[in-house]
Amino acid sequence: MITRRSLLGAAAATPLLSIPSIAQNNTKVLRYVPSSNLTILDPVFTPAAVSITHGYCVFDTLYGMDANLQPVPQMAEGHTVSDDGLTWEITLRDGLMFHDGEPVRAQDCAASLERWSRRDGFGQALGAATESFSAKDDKTIVIKLTRPFGRLLHAIGKPHSSPAMIMPERLAKTDISEQVTEMIGSGPFRFVADEYVSGDRMVYEKFEDYVPRGEPAAWTSGGKVVNFDRVIWQVIPDPATAAAAIQAGEVDWLAGVLPDLAPLMEAHPDVNLFRQDPFGLISVMRFNHLQAPFNNVDIRRAVLKAIDQTPYMQAVTADDANRRECLASFPCGLPGVNELGEGIIGSLDIEGAKKALQDAGYNGERVVILNPTDIASIHPHGLITADILTRIGMNVDLQDTDWGTVVQRRVSKEPVENGGWSIAHTNWPSISIDNPATNATTRGLGEKGWWGWYQDDEMEETAAAWLSAGSDEEAQQLFDKAHARALDQVPTIPLGQTFQDGAVRSDLTGLLQASVSLFWNVDRA
Amino acid sequence: MSAYILRRILSTIPVVLFVMIFVFSLLYLAPGDPAAILAGDQATQEDIEAIRNQLGLDRSFPVRFVEWAGGVLRGDFGTSIFTREPVTGMILQRVEPTVSLMVVTLAIALVIAIPMGVAAAWKRGSLLDRAIMLFAVLGFSVPVFVVGYVLAWTLALKLGWLPVQGYQPIAEGILPWLRSLILPAATLSGVYIALIARITRATMLEILQQDYIRTARAKGAAGHTVLYVHALRNALVPIVTVVGLGVALMISGAVVIETVFALPGLGRLTVESILRRDYPVIQAIILIFSFVYVIINLLIDLSYTLIDPRIRY
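Order-wise, the sequence lines are chains A and B.
So the working numbering is basically just the index in the first sequence, starting at one, shifted up by 14.
So the working numbering is basically just the index in the second sequence, starting at one, shifted up by 109.
Hints are supplied without guarantee of correctness; some may be wrong.
[As the list claims (entries may be wrong)] When the alpha-carbon atoms are kept at most 25 angstroms apart in a straight line, the in silico DMTMM-like pairs for lysine to aspartate or glutamate are as follows: (1) B/Lys267 <-> A/Asp284; (2) A/Lys187 <-> A/Glu128; (3) A/Lys220 <-> B/Glu281; (4) A/Lys462 <-> B/Glu155; (5) A/Lys427 <-> A/Glu461; (6) A/Lys462 <-> B/Asp167; (7) B/Lys267 <-> A/Glu280.
[Stated by the list, open to error] To list a few chain A residues with every Cβ distance to chain B over 10 angstroms, as calculated: (8) Gly109; (9) Leu185; (10) Gly213; (11) Leu272; (12) Pro283; (13) Ala332; (14) Leu341; (15) Gln491; (16) Asp494; (17) Arg499; (18) Asp537.
Just so you know, these hints were derived from the structure itself, not from any lab.
The structure displayed is predicted, hence computed values, not measured ones.
Cβ atoms here follow ideal geometry from the backbone N, Cα and C, with glycine treated the same way.
Using the sequences and the hints given, assemble the complete structure.
Listed below in C-alpha cells is the structure:
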C-alpha cells in the first residue's frame, strides 16, 4: 500500500539519483573564468575584451595574426592585388561552414566587412578608402579602393577591439548601432545559447565540422585544433573566490588574477601563473582639448614635465615583472614602435613644470579630474594626478564617482562649470593602439574622434599616409613622424605599460599567447 | 478575515505604484548613460547617439514611463539594454538561487537561533547566556563577507568538504543543491541568528516572569514543556515579526553573499545592472523585491491569528 510518507520519501529521493556528473564523465570539459561578465555577444559591436574572447570561439576572421603580429591567411586561401593597388581579391579556403550548416560564402564575408568598417576605427579608415566590398563569386571577395591602402590585411586581420569577424550575410546586415544576438559563426566552437546565463555561465561546444588549417597555431592564426568537447565559462565576480576556486580545482583557468593574490597562485603546486598578453595594457591620462586649460598645448607640455610613470604603475601592480616604463606614445615592444619619448616623458621635473605652467599663462582654471572609484586599475591614477597637479600649482577638483557616471560625463563637451571635465584616465590593450591609425589616444579627429576631442590635421594626414604607404621603410618613417608629433603635441600622457597575469591548472598544456584567451590548441596532460 | 486579506492586497497597489514612479524617476535622474557604456572606450559621440536612438533612450521621461508602466501592467518588464534578452526571462533564470539561499538561510537561522534564545533566557546570567549573547554581538558586528571568506577558506579550501563557489540547481539533485548552498547560507544566517536569538531571549525573559508560567511550574509541568509549550508559543508573535522584517536584511545580504560565493541570483543581477545602468532590469528587480516584501509582511500579519487565537482581523 502506498502511504503518504512513502510517497513523500520517494519524491524526495528522486533528485538524488540524477547527479549529472555521472552522465557527463566522458565529456572533456575546460572550465574558464573570464575577467568580467559577458553581456554583449556581438564582438564587432563592442571592443570589450570579454566579447572578443567570446568572438574568437564562435567566429573566424579572413586573416589572423601570427607570432610576429603579421597578417596571414586564416579563412582566406590567399589574395591578389591589382597593379594600381586599388582592387583586392581574397579567395576563401575550402571546407568553411557556419554553425547552422550553411557554407561560408564570399557574400557573407563582404557583408561582414561592410558592417565592421562602419564600427571599428581601423575599419572606418579602410571604409573611407573603399568604394565597395562585394563578392565576385561564392569564393572570391572583392574590395575596391578609392586610394591605395597598404595596411589592408593588417586592418582585416587586427586581433583586438572589434576584429573583422565573419558572420552570415543575414546577420551582417544588422545595423551597426544594434547588436547581433544570434550567435552563428564559423569558428571552432559553437555557442550553446540554451545554456547561456549572462552573469553566470556561457557554454561552448566543439564545432565538429570546423576544418583547422595545417599550420601550427600562433596568436589568432594557424590550426585551431580543439581538444575539449565543452568549454564552460563561469563568471566569478570576486577575485578572491576565483583564486580559491582554481586552488580547489573547481575551475581550470582564470583570465586574470588580482596582483595581490598572484604570489598565492605562484606558491600553489597545482596552479601556474600565465601571462596571456605579452604586450599588456597602456594607461593614459586624457585631456579635454576643447576647454581651458588643456586646450593650451604649453600647459599640456608643462604637465608632461611633472609626470613620472613609476607611481602610476606601482599603484596597480604588485611586482616589477608586471610593469615596464614605456617612454613612448605607442606601446613598447610592438612592431614599428620606437621609444622616442626619452627625455620627454618621465622626467619628474616639478620645479620645471611649475615654471612652464606660469610661462604658459595658466590662470588658475579649475581642473576637474573624473575618477572612477570602482575600477581598481584606473582609480589610483586619478589620485596620483591630483597630487602632482596640486604640487605644480594647479587648481584641482578631484571628482570621485563610479565608472557608469564617468563614461557618461566624459562625453560632455561643456566647460567644467556646466558639468564638463578636464582630465580622465583609462587604459588600453596595447595591441589595440599599436599604430598611427588605431591609436585613438594620438589621432587628431577633433570632435568626431575619441573623447577629449584632440584635433590635429597634420597627425591625420600622417596617419592617412601611413595607411597608404607602399613599402615597410616608408611606413616606418611615417610611423615615427606620427609618434614625434604626438610627443610634441601631448594629446594624451602615457602612464606606463602593465601586464596582468592569469592562472591555469598545471595540467593544462598548449596555451597560446594573444591579447585574449584562446581555447584551441589547449589540452590536458 | 477574507475582507482583511482583500483590503491588504488592495493596499499593495498604491505601494507598488509609488515604487514604480519613484524607481523610474530615480533612475532617470541618476547620472550614467547605458549607451556610453555599451559603446565602449573607443566610441565617438556619433556612435553613442546612434545607440541611444536605437534603444529609445533619447525619448522624453513621460513617453518612456508610460511605455514601461504599460508593459509592466501587461506583465512585460521590457528588454535588457545590454543582453537584449527579455527581462522577465533574465529574472526567472535568477530566482531559484536567491529563493534557495533565503530558504536555507532561514531554516538554518530558525533551527539555531530559537533554541539559542530560549536557552539563554532559561539560563539567564550564566556562562551559556553570555556566550550566546557574545555570539549574537559578533553576528551583528562582523561583516558577512569576512565570515564568508573565513568559512570558505576553512571548510572548502582547507578541508575540502564543500565547494568554494557556484550553484547547483535543485533539478540536479538535492545533495548537490544543498552542498552548494551550505556555505553561503551559513554565512548569511549569522546576522539573522543574532537577530532572532536576541529577540527570542528578550521575549522569553519577559514571558518567563508571567503568572501562568509560575502556575505551570506549580502544576509540576516538566521544564521543557514549560519552555516550549507554554512560554515559546506566547513568544512567537514578536519572533515572527522580526523574521518578516529580516527579509529586507536578507535581500541586502544576498547581494554580498551571491557575489562572494558566485551564486547567479537576483542580488548579483541587481549589482551588475546598477553598475552598467541596465534600467529595465533594475526597475523590474526593485519592483519585484518591494512586492515580495509587502506580501511577506501580509503573510506575517496573517500568521498572528494562527499563533495567537485572541488576534482577530
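How the hints compare with the structure:
no., hint, verdict
1, B/Lys267 <-> A/Asp284, "holds, 15 angstroms"
2, A/Lys187 <-> A/Glu128, "holds, 9 angstroms"
3, A/Lys220 <-> B/Glu281, "holds, 24 angstroms"
4, A/Lys462 <-> B/Glu155, "holds, 7 angstroms"
5, A/Lys427 <-> A/Glu461, "holds, 9 angstroms"
6, A/Lys462 <-> B/Asp167, "holds, 20 angstroms"
7, B/Lys267 <-> A/Glu280, "holds, 18 angstroms"
8, Gly109, "holds, 32 angstroms"
9, Leu185, "holds, 13 angstroms"
10, Gly213, "violated, 5 angstroms"
11, Leu272, "holds, 14 angstroms"
12, Pro283, "holds, 14 angstroms"
13, Ala332, "holds, 19 angstroms"
14, Leu341, "holds, 23 angstroms"
15, Gln491, "holds, 27 angstroms"
16, Asp494, "holds, 24 angstroms"
17, Arg499, "holds, 21 angstroms"
18, Asp537, "holds, 24 angstroms"
Hint 10 alone, counting from the list given before, is not met by this structure.
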